[in-house]
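Residue numbers (the UniProt record's numbering), protein chains in the order written: chain A, 1 to 264; chain B, 1 to 342.
Calculated from the structure, these hints are not laboratory results.
A virtual CB, placed ideally from N, CA and C, is assigned to each residue, including glycine.
There could be a bad hint or two in this list.
If we take Cβ atoms under 10 Å as the criterion, some of the chain A residues that face chain B in the derived model are [unchecked claim]: (1) GLY131; (2) GLU163; (3) ALA165; (4) PRO172.
So, partial list: chain A residues that the calculated Cβ filter (under 7 Å) puts toward chain B [claimed, not checked]: (5) ALA58; (6) SER167; (7) GLY201; (8) VAL249.
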Amino acid sequence: MKRTGLFTLQLAFTLLVCAFMLVPIVLSVMAGLTRNYFQGIESGLTFDWVIQVWTAYAPTVWLSLQLALACALCCVVIGVPAAYALVRLDNRLSRAVEELLVLPVAMPGFATALALLLTYGHYSGFRSSAGFILVGHVLFTLPFLVRPVMAVMQRSHLPVLEEAAASLGAGPARRFFGIVVPNARAGILAGTLMVITLSLGEFNLTWMLHTPLTKTLPVGLADSYASARLEVGSAYTLIFLMLIVPLLVALQVVSNRLSRGALR
Amino acid sequence: MTGTAIRLRQCAKTFQGGQTALSPIDLDVRPGETLVFLGPSGCGKTTTLRLIAGLETPDAGGRILFGDDDVTDVPIEKRGVGMVFQSYALFSNLDVAGNVAYGLKVRGMPKAERATRVAEMLELMHLQDFADRSIHALSGGQRQRVALARALAARPRILLLDEPLAALDAQLREQLRVDIDRLLRTLHITAIYVTHDQAEAMALGDRIVVMENGRIAQIGTPQDIYQRPANAFVAGFIGNLNRFDVLAHEQGRARVAGGWLPWNDTSATVLCCRPEHLEIVHANGALQGQVLGQFFQGAHTRVLVDIGNGRQLLVDSRDDRLRQRGDLIEMNVTGPLFALAA
Ligand SMILES: Nc1ncnc2c1ncn2[C@@H]1O[C@H](COP(=O)(O)OP(=O)(O)OP(=O)(O)O)[C@@H](O)[C@H]1O
Ligand SMILES: [Mg+2]
């Protein structure tokens, strides 16, 4: 194939954009592995910073992971039936609810957090628990689960499948768990991965809602950037990337298979 | 398995928004018979089927009975009906055997018995080699056979089929129709079969219900419907039809464009007959006309004849003699002739 000048130009532009986005990440990762950032890479590579971060901030990593999993669980438990109801109803009310669901995404996280604080702030037990952050995360991530699940449900001829199941003697609960959920599994999986990813990285809301005892990974990251050496912050970023990149890859794989319809 | 009778009493259906899909109808389906609902699109076939299935509820006052049980308020999952849909509606999260076993599992049939029944059903539908296949790896015809096996596995009282062959190509449709026919005959199950294909209706139905605009236009055997259509709609919907406007009545004959027809009843204004019940004769025919065209159709030759007064006839002739446009021919009526309200 003969490559034209235009192709070369496009390639160069693409590479440039990639570099623009990737170089800061690479530099940050390198900084986290360099003995002394101000002397540069000649000072030698080390895992000291990573280990230091891990000893100081390991609880934030665990909390974030727990939060993300709990958040995904809540979203699935709330979101799948909600998506089902929205698809089944499909009237003006259900469309309004669908719009409403997206509101916490559109609103600045601070505003949502403030609303939560105003409403539940005085229940001090709840306020100081990680559950408070969980509520914020669920609010924020729910539409990211509901949307793909709805999309899959709309595509998969659910009504007639359910009618078939009903004619075979299956009651509503049996139909929901035996037919609806399995046939929406691709959407549920994609949504769950998305929710976990978003929950792990969520900062705005979490920063407002956290207490010194309920620090998540991104909040810890902000802390360390603000208060510790640059290398510490960067090492922290490295740990975060190690968590989030596999998830993003999984997300991509799932959405690829989804668009090919292989998981239908 | 002996079939269950179905009775509909004054069942009407009005959808939200005031759309009347069905005027109040009474219908008696005999135990074990195959009843075909036939009619043009939107005439209410599916609606009636869904009322019987329990997927829709009739308007107040309508009752549905299976045998002696009033099932009007029984939800579909407790009615014991098998359903087959045009879109197959197979569960793609289960394999072929899983689909067939679904209804048995729901009913709590023990595993060993279930396996035997599933194997039996798959064999009945010639699917024994496909038990572990994914639904996606099946052709349309195979999918519909799985759907049939699934619907019949739990031995339903009644089998309801909504245009099960409509999504298949002609050859496959014919094949599967024969399979379904054999199945319904051997099982003696009460079956209702919806179609808008008259050939399918004729071939499968013990009786046919012709529907028009949410009403039953005629119920009868295929022969009844074909040879003695109750009204112009039925007559026109099934097969081709020649219509003669009666110009005068005279001595047991009716004068029509192109000649005379033997007819006693002087009240008839329109007489009809089928193209295959007209015969081209050499002389002394009751009707005369001029050939407009001739189309070879394999088993017969269809001749288009002008009989004057702007009336044309279709004649299905067994001979394959070549006729030219403009040739004068004579015809006799050899089969049933019937009157229609104009
Ligand atoms: N859910 C519904 N809401 C409103 N109107 C409906 C609904 N279902 C069917 N109808 C209307 O009721 C009438 C009968 O529909 P039905 O589906 O029974 O027709 P049909 O004979 O099965 O036609 P087809 O051969 O096209 O399947 C149609 O006019 C249709 O528009
Ligand atoms: Mg229909």
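**Request:** Tell me, in ascending order, the numbers of any earlier hints that this structure violates.
**Result:** 1, 5, 7, 8
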